[in-house]
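Engineer: With the hints as your guide, set chain X onto chain F.
Protein chains: 2
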Amino acid sequence: MAPPIAVSFQAGDIGTWRIERIDPVIGDGLPPAKHLAVFEGTETPHSSARWTLRGFTSNERYVERHERVALTAVQQPLGRPAATCAALIPIRKSDAWWELTQDERREVLEMQSQHIKVGLEYLPAVARRLHHSRDLGEPFDFLTWFEYAPADAGAFDELVLRLRETDEWSFVDREVDIRLAR
Amino acid sequence: MAPPIAVSFQAGDIGTWRIERIDPVIGDGLPPAKHLAVFEGTETPHSSARWTLRGFTSNERYVERHERVALTAVQQPLGRPAATCAALIPIRKSDAWWELTQDERREVLEMQSQHIKVGLEYLPAVARRLHHSRDLGEPFDFLTWFEYAPADAGAFDELVLRLRETDEWSFVDREVDIRLAR
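Protein sequence lines correspond, in order, to chains F and X.
Letter by letter, the first sequence follows residues 1 to 182 in this note's numbering.
Letter by letter, the second sequence follows residues 1001 to 1182 in this note's numbering.
Treat the hints with care, since some could be wrong.
Ranges of calculated distance between the beta carbons of each label pair, as one might list FRET restraints [as the list claims (entries may be wrong)]:
hint : chain 1 : residue 1 : chain 2 : residue 2 : range
1    : F       : 94        : X       : 1044      : 29 to 35 Å
2    : F       : 29        : X       : 1080      : 41 to 47 Å
3    : X       : 1023      : F       : 164       : 24 to 30 Å
4    : X       : 1041      : F       : 167       : 33 to 39 Å
5    : F       : 165       : X       : 1170      : 41 to 47 Å
Note that these hints are calculated values from the structure, not bench results.
These numbers come from a predicted model, not from an experiment.
Ideal Cβ positions, reconstructed from N, Cα and C, are used throughout, including at glycine.
Looking at chain F on its own, in the form it has when it is part of the complex (with noise of 0.2 Å):
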């Protein structure tokens, strides 16, 4: 288990990342940048720096044993040299789901939406790193950052899709989809 990594993402006019395009998916979107940095580490944001979200990747919480066992046989590193297509996810999950207790929760996410079970589908074409943000006081809560090679942007549109379908996104109060490549 690799300790946590502060990780800040700066959209601006410099960055390895194109941004794409920027939707609005639930409530507010960002406001539009040509480029993405992507920072590990306690950063500064640069001067040109249009919006910064920052998050830290951390434990699991509700992956089980063998749930585990299943994704590290499959899943893949960020920077591969075929993944030129990445998204950034950012949502923020209502009070209601933070009022939930730890089983409730996993319950919704899992029993019921199975979120864990369908995202392991997409293995090993999608790489994916949770960074957590709620408890740094930012306006999202979880930034999800995804990589993966033009061939599957298909397969991961369908991803996005199954997952907002579920009944654990009537928790999602803020999301928007940012579409990278580089």
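Structural biologist: Structure of chain X alone, referenced to chain F:
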């Protein structure tokens, strides 16, 4: 469920709380200091600070519904006028702990160690606030703050000793016990 609060504990020459002792329990202790200041929100350490520990309050990670109902019926807020004693107990858990999945951690914490059930026996006398530190890259994983009246100091000592005898504590690889009064 209150939103997360950033909290910093700054030990030095100023602060509401007088430090009575700093005992290393497992691994390295912390440097001596006279006073402790507790700041809510993101705070720059004051110039006399000898050491600063940072954390954030967050959603519960293990408590189930029936336990939350039992806890909220009796737990008390911080800042009670009669609660002039306090303890700050920073702990770090081992890599073996963080390799466990959520369900395995719950199994150790409550099924084997009855952490929640034992803690409940000492309510309402002892007020408690848990702060998460690991995700900030801090030297400890958790900072727990307790407040109680002088007459309940013996009960508090008993609580701490009972927790240290549990299976859960075999995963603690650093612990410092700081006692304070105001």
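Engineer: All the hints need checking, so say for each whether the structure fits it.
Structural biologist: Hint by hint, here is what the structure shows:
no. : hint                       : result
1   : 94/F / 1044/X: 29 to 35 Å  : holds (33 Å)
2   : 29/F / 1080/X: 41 to 47 Å  : holds (45 Å)
3   : 1023/X / 164/F: 24 to 30 Å : violated (52 Å)
4   : 1041/X / 167/F: 33 to 39 Å : holds (35 Å)
5   : 165/F / 1170/X: 41 to 47 Å : holds (44 Å)
The structure shown violates just one earlier hint, number 3.
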